[in-house]
Amino acid sequence: MGETIAVLFVFFVLITIGFIFYVKVVKSNIEQEKDEFSQLRSVGVAQRVMFLPELQCSEDNIIKDNCIDILKIDSAQSLMKENEVYYYDLLQFSEVSISQIYPVEAKWEIYSRSLEGFKSKFVTNIPISLYNPSTRRYGFGVLAIETFSK
Amino acid sequence: MDKKAFEIQFNWIFVLVAGATILLFFSVIVIKQKAVSETSTKATVLKSFEAIITGTSVSTDTTSIIDIPSSDIEVSCGRISLGRVSNQYQNLVLFSPALIKGNRLITHTLAFSTPYRATNLLYITSPNLRYIIIGDSNLAREINSSLPSRLKKEFYNDATQIKNQNNYKVKFAVFGDMIDFPKSLEEMPDSDVEAARFTGNSWNGIVDFYAKEKSSWQRKGSSAYIGKASLIGAVYSGKEMYDCNMENIFFRLNLVTKVYIDKTKKLAQDAASKKQFQCSQIYSSSLNHLSSIGSASKFTNENVAVVASAAKSLAEESQNAQVYSCPLIY
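These protein sequences, in sequence, are chains G and C. First residue of the first sequence: 1, per the working numbering; consecutive thereafter. First residue of the second sequence: 1, per the working numbering; consecutive thereafter.
Please keep in mind that the hints were generated in silico from the structure rather than gathered at the bench. A few of these clues could be false.
Stated by the list, open to error - Derived DSSO-like pairs (lysine-lysine); straight-line CA-CA distance at most 27 Å: (1) C/183 <-> G/64; (2) C/298 <-> G/107; (3) C/153 <-> C/183; (4) C/266 <-> G/64; (5) C/47 <-> G/27; (6) C/220 <-> G/24; (7) C/220 <-> C/163; (8) G/81 <-> C/34; (9) G/107 <-> G/81; (10) C/258 <-> G/34; (11) G/121 <-> C/47; (12) G/27 <-> C/42; (13) C/265 <-> G/107; (14) C/42 <-> G/150; (15) G/81 <-> C/266; (16) C/266 <-> G/24; (17) C/265 <-> G/81; (18) G/121 <-> G/81; (19) C/220 <-> G/81; (20) G/34 <-> C/220; (21) C/47 <-> G/119; (22) C/183 <-> G/27; (23) C/34 <-> G/24; (24) C/42 <-> G/34; (25) C/265 <-> G/34; (26) C/34 <-> G/64; (27) G/64 <-> C/228; (28) G/24 <-> G/64; (29) C/266 <-> G/107; (30) G/150 <-> C/220; (31) C/183 <-> C/220.
Just so you know, these numbers come straight off a predicted model, no measurement behind them.
If we strip away everything but chain C, and leave its shape as in the complex, we get (with noise of 0.2 Å):
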């Protein structure tokens, strides 16, 4: 092979290998442009979701609706995850499915009143998320008409009725003795389908957990719930979440006692140097109460009782406070 054809010959391989390094170059280039992006969108979701979070953990009684990017977030125990990235957080009270769905968030708050506020209780699920409220009891009703009326939500009186309507999930709100599993929704795979069923009213009960076994319900467990708003946490949340927030809630709960504690003690000193013995024996007898709120600060079903009956006395002595025109504690 004479010198030229050589030349000609390295001169194509030469080519070959510089084209082959730009376009491996910018193939690189677009792969970890394409993760960087996603990750980025993901992020901008979680902090949306942050932002969501603030927002509505600061207003009470209200439920909105919120576009996001269709997404499926990941929420467990103090940890909101989109794929590999997460934000953790130490004491967050936020009840909802395990996972959420969609292009679409609804969020729903209330307060958390024993009988004052101790903090806010925050909601939020997909509007593909169906909710079969269960029950012909005066709390069902009351239940049914307190969930946002945008939620997917259908009222029975049995069971009977329910047909599948390819949801990604299907959550049972039960009052009363717990039905058999609907056979519409045997095909559904095991994970999709939970259940709480309720016993008690509206001040305090018990809530069992179930999830769907092949096809009937296998028993999860269950805890206690204290007023509307924690009872409506568990219709959202499965057994794990309910547990993790409702311990939060009570830490909470013993924080903001001890103010109210320190308050009604000041207000009591405030009566007695007034010679207002009404007021004296109110806040004295509001005393007891509030340190027996304190005093039960673990979310246990013994603690639920103690706290549900001390707030019923405390809001009854409130009233007597209001009566004798007192200042109120809370």
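The shape of chain G in the complex, shown without the other chains (with noise of 0.2 Å):
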């Protein structure tokens, strides 16, 4: 009888060492996933934006890749503040921000929705050109997309 319980409570001892083991991977695996879904979730961020129509620059409708229309920064920024829960549905919490460097410096925050203790941030930097349709001319700069999560 005693011989019997003695070897249960080796076996239970052994299932509870097991089990800790198996939870431990397990958490571990969840934050490596929880990593990887913020990371794609910031590419996705980064997508959105480069794809806007309110910051895209177009002729005739055709579509400039990695260009930034000057005439349209003002007031998307406008319209980012006033829906800002229409926009945080597609940019969620981020911080987005064109910096121009050529031919002057400029700076022009366009949508900024931070988190409060946030755990990890990722910053995606994309270099665009930045037209000027008045001007027809083009300048260089970079699109900053912070985003972030708990």
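Work from the hints to combine the two standalone chains into their complex.
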């Protein structure tokens, strides 16, 4: 009787150790997946920003890749502030800014919704051309997208 | 009963109880693990679906075939679910059948341009779903050639040659007079046969939605379409989903129009300062058309007509701008 109880005790101790090990492995997998998901979301937000008709350059409805229309920036900026809930669905917790490097330095904060107490932040910098349709001249700049996650 | 005999009997009962407890413990773990694994697979499929939505919605005029684990994906207004796992979207523009069955998805994207691109329309369907286009007009032929070639689609002048091919769903796109319900499909469940009938041209028109009721068509209501892209949306989806998507599209169109109004004002100011009178005139009339599009912010049949007419005029103004070498609005 005493032997059986001892065997059972050892058996359950082994089961508990195995279970703790399994939970730890699962937890680390979940953390890894969470990290991958955050990166995927960050890439998704960057893709969406680059494809927004509110910012993109076009000539006769033909889209120019990696190009931002300077004449659209100001109204896109105020539009995103006025319709924060709508754009949150697209851009989530992120900060989007455009910096012009050439011919003159300038910076526009397009969208800003940061997350308090965020655990990770992904920054994507995309080199872009900035087109002014009035002067028909191109500038050069960087589109910076920072995404936050907990 | 002496003490030893009792001890042996108790020992057996103890072993039985302990054995049962161990078996129960492992059974519970296996059942729980199975449920977790199923939910996890569904969540993975939904996550892939989200990646597909993001990836395809940022590229226009593309068609792709994507392999997924065999699943039944339910799509409704702003919601995609797989069993009990679901994702909610606030402004999703996705035209698809209410149920996508199978292990492959066909995705297709087109730009919604009135005449400037306001958003991308994403269409998702299953290769097991059968699309039957009926009509002999140019519009019918145009739509047939616009639908992806990998789609299970058939094109007929009339409905007499249609046979039952045991598809889980059949969708008719009828151009012209509504057809009689095909006898060969009478055996199919009512919810599995739908039709959309189009009246109008490639700019705008009316779409009537029908569903099978026993051996005839039951009209489910009508909506307006604007442009080929939204017409194709009605081919893929039912009335409820079509209306929901069109409302989201019109909201988005309204936002993008505000940006173009501001841009046109800036171009007009610049043209005036440079004394480019032809350009100023073009921008001034373009502003009127843009304001008409902006004021028709809700999806109604009347607003569709307003937007279609203003879009046509704006496209003409853009051509004029090209003639006079003025900077283009879009």
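Hints and how they fare:
A threshold of 27 Å between alpha carbons decides the hint, and for residue 183 of chain C with residue 64 of chain G the separation of about 51 Å lies outside it, so the pair is violated. About 35 Å separates the Cα atoms of residue 298 of chain C and residue 107 of chain G, which puts this hinted pair outside 27 Å; it is violated. For the proposed pair residue 153 of chain C and residue 183 of chain C, the alpha carbon gap of about 19 Å is at most 27 Å, so the pair holds. For the hint linking residue 266 of chain C to residue 64 of chain G, the alpha-carbon distance of about 21 Å falls within 27 Å, and the restraint holds.
Using a Cα cut-off of 27 Å, the hinted pair residue 47 of chain C and residue 27 of chain G holds, with the two alpha carbons roughly 19 Å apart. Distance hint between residue 220 of chain C and residue 24 of chain G is unfulfilled; the C-alpha atoms sit about 54 Å from each other, more than 27 Å. Between residue 220 of chain C and residue 163 of chain C, the direct Cα distance comes to roughly 24 Å. Compliance with the 27 Å bound is thereby established for this hinted pair. Under the criterion of a C-alpha separation no larger than 27 Å, the hint pairing residue 81 of chain G with residue 34 of chain C is inconsistent with the structure, at around 46 Å.
The suggested pairing of residue 107 of chain G with residue 81 of chain G holds, with an alpha-carbon distance near 17 Å, which does not exceed 27 Å. Of the pairs offered as hints, the one joining residue 258 of chain C and residue 34 of chain G is violated, with about 37 Å between alpha carbons and a cut-off of 27 Å exceeded. Annotation: proposed proximity of residue 121 of chain G to residue 47 of chain C holds, straight-line Cα distance about 21 Å (limit 27 Å). At most 27 Å may separate the alpha-carbon atoms for a hinted pair to count; residue 27 of chain G and residue 42 of chain C meet this at roughly 19 Å.
Our distance criterion of 27 Å between C-alpha atoms is met by residue 265 of chain C and residue 107 of chain G, whose separation comes to about 22 Å. In summary, the hint linking residue 42 of chain C to residue 150 of chain G is supported, as the alpha carbons are separated by about 23 Å, within the 27 Å threshold. Under the criterion of a C-alpha separation no larger than 27 Å, the hint pairing residue 81 of chain G with residue 266 of chain C is consistent with the structure, at around 21 Å. Between residue 266 of chain C and residue 24 of chain G the CA atoms are separated by roughly 60 Å; this puts the pair beyond 27 Å, and the hint is violated.
Note on residue 265 of chain C and residue 81 of chain G: the hinted pairing holds, with a Cα-Cα distance of about 21 Å set against a maximum of 27 Å. The hinted pair formed by residue 121 of chain G and residue 81 of chain G meets the criterion: a straight-line CA distance of about 22 Å does not exceed 27 Å. Note on residue 220 of chain C and residue 81 of chain G: the hinted pairing is violated, with a Cα-Cα distance of about 40 Å set against a maximum of 27 Å. With a CA separation close to 44 Å, the supplied pair residue 34 of chain G and residue 220 of chain C exceeds the 27 Å bound.
Restraint check for residue 47 of chain C and residue 119 of chain G: satisfied, since their Cα atoms lie roughly 21 Å apart, inside the 27 Å limit. Of the supplied pair hints, the one linking residue 183 of chain C and residue 27 of chain G is violated, its CA atoms being roughly 57 Å apart against a limit of 27 Å. Annotation: proposed proximity of residue 34 of chain C to residue 24 of chain G holds, straight-line Cα distance about 19 Å (limit 27 Å). Our distance criterion of 27 Å between C-alpha atoms is met by residue 42 of chain C and residue 34 of chain G, whose separation comes to about 16 Å.
Between residue 265 of chain C and residue 34 of chain G, the direct Cα distance comes to roughly 46 Å. Violation of the 27 Å bound is thereby established for this hinted pair. Pair hint residue 34 of chain C plus residue 64 of chain G does not hold up; C-alpha atoms about 49 Å apart against a cutoff of 27 Å. About 23 Å separates the Cα atoms of residue 64 of chain G and residue 228 of chain C, which keeps this hinted pair within 27 Å; it holds. Annotation: proposed proximity of residue 24 of chain G to residue 64 of chain G is violated, straight-line Cα distance about 49 Å (limit 27 Å).
About 20 Å separates the Cα atoms of residue 266 of chain C and residue 107 of chain G, which keeps this hinted pair within 27 Å; it holds. With a C-alpha separation of about 46 Å, the suggested pair residue 150 of chain G and residue 220 of chain C falls outside the 27 Å cut-off, and the hint is violated. Taken as a hint, the residue 183 of chain C and residue 220 of chain C pair is honoured in the structure, with Cα atoms around 21 Å apart against an allowance of 27 Å.
Hint compliance for this structure: hints 1, 2, 6, 8, 10, 16, 19, 20, 22, 25, 26, 28, 30 are not met, and every other hint is.
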